[in-house]
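> The primary structure of each chain is shown beneath.
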Amino acid sequence: MSSSQEHYYVPDGSRWPIIAVCGMFTTVFGTALWINDISLGPWIVALGALGIAYLFFGWFGDVIDESMSGKYNAQVDTSFRQGMMWFISSEAFFFAAFFGSLYYIRMIAMPWLDGEGHLGSSHLLWENFSASWPLVNTPDTEKYTQVIEPMGAGGIPMINTLLLLSSGVTLTWAHWGLKKDSRFQLVFGLMLTVILGAVFMGFQAYEYYHAYDALGLTLNSGVYGSTFYMLTGFHGMHVTIGAIMLAVITVRAAKGHFSHEKHFAFEAVAWYWHFVDVVWLALYVFVYWL
Amino acid sequence: MSEPGFASLPRPKRQSRRWALWIPALLAGLPTLGWAEMKLNLPEPVSPLTREVFDLHMMTTWVAVWIMVIVILLVGYTLWKFRKSTGSVADQEFHKGFFGTWSWLLVPILVLGIDLTIADRANSTFDQVENIGDAEVTVKVTGSQWKWTYEYMEHDYSFISNLKSKEEAGEYDYLRTVDNPLVLPVNTRVRFLHTAADVLHAWWVPEIAVKKDSIPGYINETWTIIEKEGVYRGQCAENCGVGHAYMPIEVQAVSRAEFDRWIGERVAEKQAAVALAASNKVWSKDELMAEGEGLYNTFCAACHQVNGAGLPPAFPALAGSDMALNDLAGHLDIVINGKQGTAMAAWGAQLDDLQMAAIITYERNAWGNDTGDAVQPADVKAAR
Amino acid sequence: MTSIAATHDDHDHHHAPTGWRRWVFSTNHKDIGTMYLFFALFMLFLGGAMAMVIRAELFSPGLQFVSPEFYNNMFTNHALIMIFGMVMPAAAGMANWMIPMMIGAPDMALPRLNNLSFWLLPAGALMLVLSIVAPWVGGGMAVTAGWTLYPPISLQAGMSMDLLIFTIHLLGISSILASINIVTTILNMRAPGMTMMKMPVFVWAWFFTGVLLILIMPAFAGGVTMLLFDRHFGTSFFDAAGGGDPVLFQHLFWFFGHPEVYVLLLPSIGVLGMVVPTFSRKPLFGYKSLVYGMAFLATLGMVVWAHHQYTVGMSIWATKYFMIGTILISIPIGLMKFNFIFTMWRGSLTFETPMLFAIAIILMFAFAGVTGVMLAVVPADLQYHDTYFVVAHFHYALIPGAVFGLYAGVFYWLPKWTGHMYDEKLGKLFFWWTTISFNVTFFPQHFSGLAGMPRRIVDYGVQFTEFNMVSSVGAFAFGLSHLLFLYIIIKTIRGGEPAPAKPWEGAQAGTPGLEWTVSSPPPFHTFETPPEVK
Ligand code: HEA
Ligand code: HEA
Ligand code: CUA
Ligand SMILES: [Cu+2]
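Heads up: the protein sequence lines correspond to chains G, D and V, in order. Residue numbering for the first sequence follows the numbering used here, beginning at 351 and increasing consecutively. Residue numbering for the second sequence follows the numbering used here, beginning at 2 and increasing consecutively. Residue numbering for the third sequence follows the numbering used here, beginning at 7 and increasing consecutively.
Some hints could be false.
The calculated DSBU-like cross-link candidates involving lysine-lysine, where the alpha carbons are at most 35 Å apart (straight line), are [as the list claims (entries may be wrong)]: (1) G:K612 <-> G:K529; (2) V:K431 <-> D:K85; (3) D:K97 <-> V:K508; (4) V:K326 <-> D:K141; (5) D:K286 <-> D:K340; (6) V:K497 <-> V:K434; (7) D:K382 <-> D:K340; (8) V:K204 <-> G:K612; (9) V:K508 <-> D:K82; (10) G:K493 <-> D:K382; (11) V:K434 <-> V:K204; (12) D:K85 <-> V:K294; (13) V:K434 <-> D:K97; (14) G:K493 <-> D:K271; (15) V:K294 <-> D:K97; (16) D:K340 <-> D:K271; (17) G:K530 <-> G:K612; (18) V:K204 <-> D:K82; (19) D:K141 <-> D:K229; (20) V:K294 <-> V:K204; (21) D:K82 <-> V:K434; (22) D:K141 <-> G:K493; (23) V:K294 <-> V:K326.
Not close to chain G: a few residues of chain V, all C-beta gaps over 12 Å, as computed [to be verified]: (24) V59; (25) A85; (26) V297; (27) G425; (28) N445; (29) D465; (30) F482; (31) I495.
Covered stretches of chain D (chain V as the covering partner; in silico rule of three or more C-beta atoms under 8 Å from a C-beta of chain V) [said to hold, decoys possible]: (32) 41–49; (33) 59–65; (34) 72–86; (35) 93–104; (36) 127–134; (37) 202–213; (38) 231–241.
It should be emphasised that the hints constitute simulated quantities derived from the structure, not laboratory data. Owing to the predicted nature of the structure, the values given are computational and were not obtained by experimental measurement. For glycine and all other residues, C-beta sits at the position ideal for the given N, C-alpha and C.
Chain G with its partners taken away, still in its complex shape (with noise of 0.2 Å):
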């Protein structure tokens, strides 16, 4: 470990990012056929697909070797954290995106469609509908599908936000533990918050298929359908992703990765997880409870 490298570690040139580029092309592109019905989209994909999976062993695996050969110094390990909370920062916005819609829809559009506030007249449109919360009726009620019974905040929802703030308290633990460079603590503390996760998706599934079962709340059961599974969708894409980044940082733990001054990747990783922490919270509050 020699984190005095008097240079600055600049990689040769690298053939990652131009992989990252033609996966992340193939794929939209196999994307934009498969939803226009095209029947070589989902084979596109699936290419795509594989080859964002190969350069992601391939890059983090050069990184990782970096790494461990000692070619990063403190100032490298600093522009990785500080690309990290960029990165998040910008998650935190397009999040933000998603939430400001949610109020808009609930503070300007719905009393809108209702005819309230100066503009009051949209209602001579929409003869039979009144603005509630959850909105179970849309105003044309033949083009969407209507919610049979809203979403409630307790049940599945409670237990999920305790799964999700115990496994924050895990995490941490684990960040103890490798402060203290108890390697059992560390690596013991990543499966549980692992294994919480999971059992948060696998939650998040058994909901899915209640709603669209038993509440008939979907995709298509207008707008309030659409931005619960906008906000809980994307919020649980990044429960997978950071769960899935969470096992390979248990298994780099287990290898010995780790040391409690270098740990950059571990940090990442717990960064972000927090933050989908957070985001759930909101989201409890915001889509769940109010």
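Since chain G is already given, all that's left is putting chains D and V with the ligands on it; use the hints.
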């Protein structure tokens, strides 16, 4: 309305202000041909609201012009005075002097002053814009691809207004005239309810009212009191797709008495037409043709042209079209349901069975399309 | 790969890789910067060719060359290409080239990520081209919505729209990653002694640009993702029938879109901050207030977006808030303007091409600014909105405000990049040609707008003919001038008077960066060991 805080600003009469705008235009090296009638400014306002907006516009224009004059003079003088070729030596300490120390405060204060002056005036004008109030005439204006539907709410009477085709309007008035202009009384408070059927549109006639977007599913409001009889023109001012250039607006402002007479007649006519369409009469081809010609020219000719030749490739010809000659089912379908993703709209909701039957009969027999079909309202009903 | 792996292992950074690998696998900030710049140049011609289609069609009334559908598709893609494919990449190219050299860094903070950010651009561009040709190949309607992609009209288009949505995703990811890299470089890679308040203005400008991009790009990505769901998965974010609202998209778009205009403007302000002191031969006037002004601009710029939506029917208070916020933006920008003017005041001015462009920016962008303030005034904007007055405003803002800044930067730094001086005579000719033809193109549009010509129309009434003819003639001349630009650049790359480390009579006294301490052109790896700044 508060006076602008700019006492020093020249405020000549509107006529000469407009003239002043010519100077920069001429400086830009514009050709002089046709200048005499060319408009360089917002058109003469004819309602209290648009007049106030116009004055506001002139005020901000003058602020803009004066700021530009000052900036140009300042920069021009600097460039001329401090060029190196005359031996000007740079003053390396300038940014440390009094001005260098305080400019960060002085410039913003100055700009803030101008900003607040503008904002104050804009604020009160905007209150006027939003002061919709109770109106005697309420017109619901619905934009759809690519025509306007006007509904007189008090009279429960509505009609569609379409672009007049090039043949009918002539070179000069093409894209400025419509088949059925909106008729409004002068000196009467009119309220507009703006909405749309498919995508965003914006109903804009600068002389009489400001624009607000027509949003499908929502209603926006504007108002006017037209003070002068005449014809006022405007255009759809929100991109609505391939026909966006083809939905002009024409408003005829007439005296109150004239308006009352007009609306009375139209309502009576409408009731008669409804009665006729409801009777189960079988129509002869000639009757349908006669009826269909007018309707075709009103609703369809803007795109397919009066002579049925269309404007290929954008708008297909109907004369000699395979569908009009051989495929009655397809023909009924495309007129009733339109064709997704093209300019061809679904007319089913706007035309009644009789009108539809007449148009289709006309299309199948005019311009050498001699199918001999006489499509009956009942056929249309069945195809719906 | 094996050969690369070998060099990679022996720490040998002293020879440049060669062949296609040098470019495709590059992790070198100068090479990537060069690729960015060439990409931008190519897109300038592509987007410009589309502008030529627009102006040719509008030369006279009637349908001349293209169908309405294609016309709408052209202005949509013209705008997207110019903004995402031309101005932003060119500015990012300059950032790549100059920022590490200015602050004394060995390279960008995350060199491999840098390569990824660049190569996503050609991928995005390819996707965009696919979106243009899709209607011919795969059927369905082209995108006719304009670059703002407002629903419901963007819901009507065929597969073309889906490809465009993914284009936005690719380009968006590219600019987020590039910005993360640049911001990190600025914060973490400065040479010892190069404190933040010593950084050249260009670096500061890009710092704020980068932060803005990181925060705004996701909103746009989120917005188009919602469009995608409305189009294919039955959601109703933008459909009133399901309780949604088309205006919601406009808020998402402009939350991105308005700060975006400062993303386009700021790098060019940064270039001005380098060029004006150089040719005035004295330090920048009000460095600190310029930096704080940019911070103020970036902050305020994030919270005034809805001035593009005055006509949608917002509440009275919201409208007034957005109006006043927008008008206040004249304060930081006015401050910057006057800082530049006072930098010239009592200077010793010479008028090389970069300086000429700088002066043109100061004057012509001020004009864009004052028409911007006119637009910000709500009741008046209810008349101007969606007319050619707006088109005139934003081309004055975009071309002098952003594109001329890039020209100034190109001419200013060409000697550093290529090691050759450009041909000053041709440079000046290019300046006068563009400036005059630009004004001929866009000045009349203020008047056609006031006279009532809406934007985004393929055909217009005869009363607008003269304006449009003049405008089109100007546009063709403006377009032609770019062939000269191309020629000047090629000529400079291929040869010319060798440039010293400090060109411009060594007059960079007022610009504190380290870029002038290295040779022209600089070695493949600058600053192997960090330089010391006193
Ligand atoms: C580089 C790009 C750029 C820049 C910098 C700006 C800068 C500004 N813009 Fe512009 N704008 C666009 C690009 C840009 N704009 C684009 C692309 C569109 C159209 C998008 C579309 O619909 O497709 C648009 C549209 C647009 C609108 C919407 C119009 C409409 O659709 O109805 C408005 C309304 O407020 C506006 C306002 C402003 C203002 C107030 C500024 C201010 O930042 C300007 C501030 C500068 C100055 C004021 C000049 C310098 C100051 C002084 C000399 C001091 C003294 C001045 C005063 C006291 C006034 N712009
Ligand atoms: C940075 C951004 C940028 C730039 C640089 C430009 C540059 C130009 N723009 Fe653009 N424009 C926009 C951004 C920009 N525009 C935006 C955002 C819109 C709104 C779109 C919308 O409504 O959605 C718009 C819309 C727009 C319109 C309105 C269309 C409409 O509303 O119907 C017009 C019309 O005149 C126009 C013209 C031009 C012209 C003549 C140029 C000239 O400066 C271009 C100069 C030309 C060149 C630089 C190229 C040189 C090329 C050649 C010499 C040809 C060589 C030939 C080949 C290579 C084949 N633009
Ligand atoms: Cu309707 Cu544009
Ligand atoms: Cu803006």
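> Would you pick out the hints that fail for this structure and give their numbers low to high?
Structure breaks no hint.
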